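Number of protein chains: 2
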Amino acid sequence: MKIKVIKIGGKLIEDDAVLQPLCDSLAALNEPFVLVHGGGVMGSRLAEQLGVEVKMHQGRRITDAATLNIAVMSYAGLANKKVVAGLQARGVNACGLSGCDMAVVKSTRRKVTDIDWGFVGDVDKADGKVLAMLLDAGITPVVSPITMSEQGELLNTNADSVASAVAMGLAEKFDVELVFTLDKAGVLLDVDDPESLIETITPELYAQLCAEEKIHSGMIPKIDNAYKTISSGVTSVRITSPNNLTGGTLVVK
Amino acid sequence: MKIKVIKIGGKLIEDDAVLQPLCDSLAALNEPFVLVHGGGVMGSRLAEQLGVEVKMHQGRRITDAATLNIAVMSYAGLANKKVVAGLQARGVNACGLSGCDMAVVKSTRRKVTDIDWGFVGDVDKADGKVLAMLLDAGITPVVSPITMSEQGELLNTNADSVASAVAMGLAEKFDVELVFTLDKAGVLLDVDDPESLIETITPELYAQLCAEEKIHSGMIPKIDNAYKTISSGVTSVRITSPNNLTGGTLVVK
Numbered sequence: 002m003k004i005k006v007i008k009i010g011g012k013l014i015e016d017d018a019v020l021q022p023l024c025d026s027l028a029a030l031n032e033p034f035v036l037v038h039g040g041g042v043m044g045s046r047l048a049e050q051l052g053v054e055v056k057m058h059q060g061r062r063i064t065d066a067a068t069l070n071i072a073v074m075s076y077a078g079l080a081n082k083k084v085v086a087g088l089q090a091r092g093v094n095a096c097g098l099s100g101c102d103m104a105v106v107k108s109t110r111r112k113v114t115d116i117d118w119g120f121v122g123d124v125d126k127a128d129g130k131v132l133a134m135l136l137d138a139g140i141t142p143v144v145s146p147i148t149m150s151e152q153g154e155l156l157n158t159n160a161d162s163v164a165s166a167v168a169m170g171l172a173e174k175f176d177v178e179l180v181f182t183l184d185k186a187g188v189l190l191d192v193d194d195p196e197s198l199i200e201t202i203t204p205e206l207y208a209q210l211c212a213e214e215k216i217h218s219g220m221i222p223k224i225d226n227a228y229k230t231i232s233s234g235v236t237s238v239r240i241t242s243p244n245n246l247t248g249g250t251l252v253v254k
Numbered sequence: 002m003k004i005k006v007i008k009i010g011g012k013l014i015e016d017d018a019v020l021q022p023l024c025d026s027l028a029a030l031n032e033p034f035v036l037v038h039g040g041g042v043m044g045s046r047l048a049e050q051l052g053v054e055v056k057m058h059q060g061r062r063i064t065d066a067a068t069l070n071i072a073v074m075s076y077a078g079l080a081n082k083k084v085v086a087g088l089q090a091r092g093v094n095a096c097g098l099s100g101c102d103m104a105v106v107k108s109t110r111r112k113v114t115d116i117d118w119g120f121v122g123d124v125d126k127a128d129g130k131v132l133a134m135l136l137d138a139g140i141t142p143v144v145s146p147i148t149m150s151e152q153g154e155l156l157n158t159n160a161d162s163v164a165s166a167v168a169m170g171l172a173e174k175f176d177v178e179l180v181f182t183l184d185k186a187g188v189l190l191d192v193d194d195p196e197s198l199i200e201t202i203t204p205e206l207y208a209q210l211c212a213e214e215k216i217h218s219g220m221i222p223k224i225d226n227a228y229k230t231i232s233s234g235v236t237s238v239r240i241t242s243p244n245n246l247t248g249g250t251l252v253v254k
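Residue numbers (this note's numbering), protein chains in the order written: chain C, 2 to 254; chain D, 2 to 254.
Hints in this document: simulated from the structure, not taken from any laboratory.
Where chains are identical, the list cannot tell them apart; a pair therefore holds if satisfied intra-copy or between any two copies.
Below are the BS3-like pairs computed for lysine-lysine, each with C-alpha atoms no more than 30 Å apart in a straight line:
(1) 3 / 223
(2) 174 / 130
(3) 107 / 130
(4) 254 / 185
(5) 3 / 130
(6) 107 / 12
(7) 12 / 112
(8) 12 / 223
(9) 56 / 112
(10) 112 / 223
Remember, predicted model here, so these are calculated numbers, not experimental data.
Bound conformation, chain C alone:
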């Protein structure tokens, strides 16, 4: 069975005028999928409203106890349930999950070195068997980036990493396409020209484009990460815009 694991950014959920057409597109896929969402914008706005200072170190957020509660409220709560309700309204039997639910995504709290990142988790693995049980029952898991440590601590986690782990966990049983959405049409030779889309990236083409310095530096970690998940059993990785879930750039073996 083919399964799509689709990662969407949190900012797509905040605004109903964006979320509702996205739910239309997801419902129109008419094939089994798992959705993984971020939620950064909602969290930052709630922190601002509550007067909780956003602490950063080298451009990355530090998650203290108050910030974790805000992340849980906005990502596992509001963002997750808004998406689930939007899908349910379109006949998709969605089930919202955070990593703690059935221990579906486990992570390890980031070690304190020169800096204490607080309640931030690095993903260990997603439980493909639990997700398969839901998918086999016709249920669409919608996964937030709140994960759980072995000790049962809630941790704030990078949603791209959660999506990769979910895809790898499902690859044991299914033919998995991992879909990353971004605000471009896909991987472009010229970032300002949507017509310059590369439809398919193979390892050979990727090596050639890198050698010719034709890949935008921001895209390199995404494609490297795509090949990492492919080497762990994921069939292909699609990089596309959220309004074209079956288009964009397909990264293959």
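Let chain C serve as the given structure and place chain D on it in line with the hints.
Here is chain D on its own, set in the frame of chain C:
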């Protein structure tokens, strides 16, 4: 198979010094259960912090759009995930659910009459089959009082009603004990004397106690509601304190 459906109030979740021993008690039950929780205190506090006015009519809250978002964040988000993480830390494979997840609890938005209650739902039914699938897989559902209408709207709902619906939904397949927790030892002949606990209430004893005006007026709707769920297939209803989940008063046929 015997299943307990346990309702706990939201104020038990707010304070870790209360929540952690409660999670110990739940883990020590060593039998399958479904937990249904409220979350009122968290919602009110968040509303206050955000400067959202709590609108009331005849002692009942009106749920406008801002208040609904707060309820979703605090009940479906923070309260639900705190309980799930607390249970997971004790080896209970909990799964947090709101009514929208797998459409597990459906409700109808309350009709506008002389007053518009806003996004408030009256429970229609809980899906016992979906809950049974989880229970059969060794999973402990933890259900928040955020439910969903047929149209996919999120609605704020009374947690006691959700617990009753869950118990009735499971009664088709299981031998269900519905447990309501409160800040008394159970049903007392003298509310100020815990020693006056009635251990078992039968319909005959209940009729007699009512005739003799020996039941506190606040307890009558709870016992009436208990008999309503029993007439819908639930085996028994326990009214007890959260630190004595197998004690208190047992209401039976």
